[in-house]
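Participant: So the chains spell out like this:
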Amino acid sequence: MKAKLTKAGLVASLAVGVLLTGCATDAPQDTWQPEGYYAREIDNLQRPVFYVAGIVGVIVTAAVLYCVIKFRARAGEEVVPHQSHGNTKLEIGLTLLSTLTLVAIVPSSVGTLWRVTNKPDNAMNVTVIGQQWWWEYQYDGMNIVTANELVIPEKTKIRLRITSRDVIHSFWIPKLNGKRDAVPNRYHTLNLESDGTGVYDGQCTEFCGLSHANMRQKAVVLSDADFKVWVANQQQNAAQPPAATMAAKGEETFIAQCVRCHQVNGLQNANGEPLQSQADEQLVSGAAPNLTHLMSRTTFAGGTFNLKNEGCDATPPGTPTGTTLECLNRSQLEAWLRNAPEEKPMYAILNDDKKYRGMPNLNLTEQQIDELVAYLATLK
Amino acid sequence: MFPTSSKLFFGASFVAAVVAVVHGLVSGDVAGIIVLSGVAIIAAFLGGVGAWSRDGQAAIPSGGVSAVPSAAAVSSSIWPMVGGIAAAITAVGLVVDQRIFGFGLVMLGATGAEWMLQSWSDRASADPAFNAQLRGRLGHPFEFPVLGAVIAGSIIFAFSRVMVALKEMEATIVFSVVGLVILLAAVLVAMRPRMSGRGISALAGLGAVVLAAGAIAAINVGEAEHEHKEHTELIGNKSVANKANTIATVKYHEGKITFLHDDAEFEDLEVPRATASNLLLRNDSDETVLFVFESVKVETDAEGNTKLVPAHVESDPVGPGKAKVLTVNIPKAGTYKLKIEPIEGGDAHEREVVVQ
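Protein chains in written order, with this note's numbering: chain A, 1 to 380; chain B, 1001 to 1356.
Careful, some of the hints might be misleading.
[Claimed, not checked] Listed next, the in silico DMTMM-like pairs over lysine to aspartate or glutamate satisfying Cα-Cα at most 20 Å (straight line):
hint, chain 1, residue 1, chain 2, residue 2
1, A, K355, B, E1303
2, A, K157, B, D1263
3, A, K157, B, E1265
4, B, K1324, B, E1344
5, A, K155, A, D224
6, B, K1332, A, D140
7, B, K1337, A, D140
8, B, K1307, A, E281
9, B, K1339, B, E1314
10, A, K119, B, D1262
[As the list claims (entries may be wrong)] Sample of chain A residues facing chain B (criterion: CB under 10 Å; computed from the structure):
hint, residue
11, G141
12, I144
13, R159
14, R161
15, S164
16, A279
17, D280
18, G286
[Claimed, not checked] Counterexamples of contact, computed for chain B against chain A with all Cβ distances above 10 Å:
hint, residue
19, L1117
20, A1152
21, A1171
22, E1350
If you're looking for bench data, these hints aren't it; they were derived computationally from the structure.
Even for Gly, the Cβ is constructed at its ideal location relative to N, Cα and C.
Bound-form chain A, shown alone (with noise of 0.2 Å):
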């Protein structure tokens, strides 16, 4: 008796446990707490949906657990209890009361469907590529491109055009909107909308791959005045480092070794002529992350390293957001740059068509590393 009670307290605590992982608040992925227009309209239909279904599910538990416990086999009793065979009027009643719970939806389900997808009027628009194992995206009209930090501003409607360049993926910030799967030669579309200024987390839903679950993403929402700051600071080029300066060593490292795959606008070569990336030669995707503004992200390697340290809110100057160099991770990103596929797990080998997934180790001396940085940490 003792022993089944210990076993009882167990299976209940465990119970009770789970319970409350829902009660947490400060959940960075929860549907349940949105952030803008798009996602209350989730949230707005599912509540309701979820509490009907939740009573009907704790009714037809208690139900079956009764039944399991009060007519359950005791031991001697031998007698097969009367065997019956269904009961007209109450499957009538039940397949009615489901029909009609399932009609009453409906027209709210609809609805909210139509809300959240139809295309709004003067909405910003972008197109966001998903490849292994990060996320691009490109602002229409606005010559910016840059990577796993999708930067809008509040209170504005957002018109995702999302597509992918290798396999599957799936877009998604819970806080702002539902998923979208990005999918290669298609364009679907995804509306975003935050009430305020903030930033929301979100990650690849779609398994692709080997570094599926560090394919993560935020969107970062600023002030209407400091996203037309951060535009600005986009559409900039880099700027050179100073000459004999560790940084311009570094920039000769970034354009003998980085530039084969990344981009970094303004970049020239010794005859003054503009570098373009081939990461198109060099990588299964034929993309990697442009670089041109490095610092104004806070993440780095798809979303799955922080660039700022936690709890440093120094800015670079002239971007709202970003990573300056007091508060640079300097030796997450010098273990990145020290053999990368040590850090997140990529394919990072040359496959039949001598290319990579992923970054792969580019065997840098230390002195080489620590140039880098310096130039990289230029890139605001």
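Following the hints, put chain B in place on chain A, whose structure we already have.
Facilitator: Below, chain B alone, put in the same frame as chain A:
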């Protein structure tokens, strides 16, 4: 009356004779008629000899029938007859068509198996009911699925013949009526649970006869001619799938190229680099044109060195009022040209496309 052996030969003779006549009427092939007639005559002769000599009933003991142990009451068998028909069909197939020959072979194999099964079960005991049960236990697991497949295949074939013989509206009406009739028949059966098996069989048989008659009539009528849809291409391109599939619609009208997305016009067409992207090309002019995308592509030489070379991607000719999809995948960022070139000559028009 006829011994087993003569049944087989008479069956073969009958089928060969019928096919010889049909073959002669349809094709006029003298060699085929001679072969088939020969088969019919020889089979009839052998059947006659068998019936006369009663060779198949040999081995009656000298003590008379009463001396035979009462082991089995052998049931009448259709398999010799079916076997004869199968043999004849096989022979006919040799002359007429390879598919008929194959069908004959399959039929021969099935007949042999059934015949063996029947013979074995008939002699299992002196109780015919037990023998029949025994035969069923062994044979039904094979026979029912095959029979079911044959029946289902026949129904599908018959329905398909009827469908292809009807025009769109006729097909809609006919199959609505057929569905209604089947529903009513099912309701009738459901409402009369004590309806005899014979009644249900009669209903099913009636349905089969109607279906077979319909199929035969439809085969005679032949396939219906469907109206050619002139604008399928354009209608298809307005589908949800194609809208989702495209990064933009490029419209050409009165010498002007405009870009549209979500039904709204926009100024600059921007396409992501290294990303397969579909452009829906809509020709609203009254001339047939080509849409041409001039960009770059990477070429690798024998030593593995790469270089950029001009790439020229063009659509099929797009007629007035028509639309086509052109897929572009530009590896490098840059500014490229989208051109409209009239097939009949004349001025080409172009606009810039930005690849980011």
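Participant: For this structure, which hints from the list above don't hold up?
Facilitator: none
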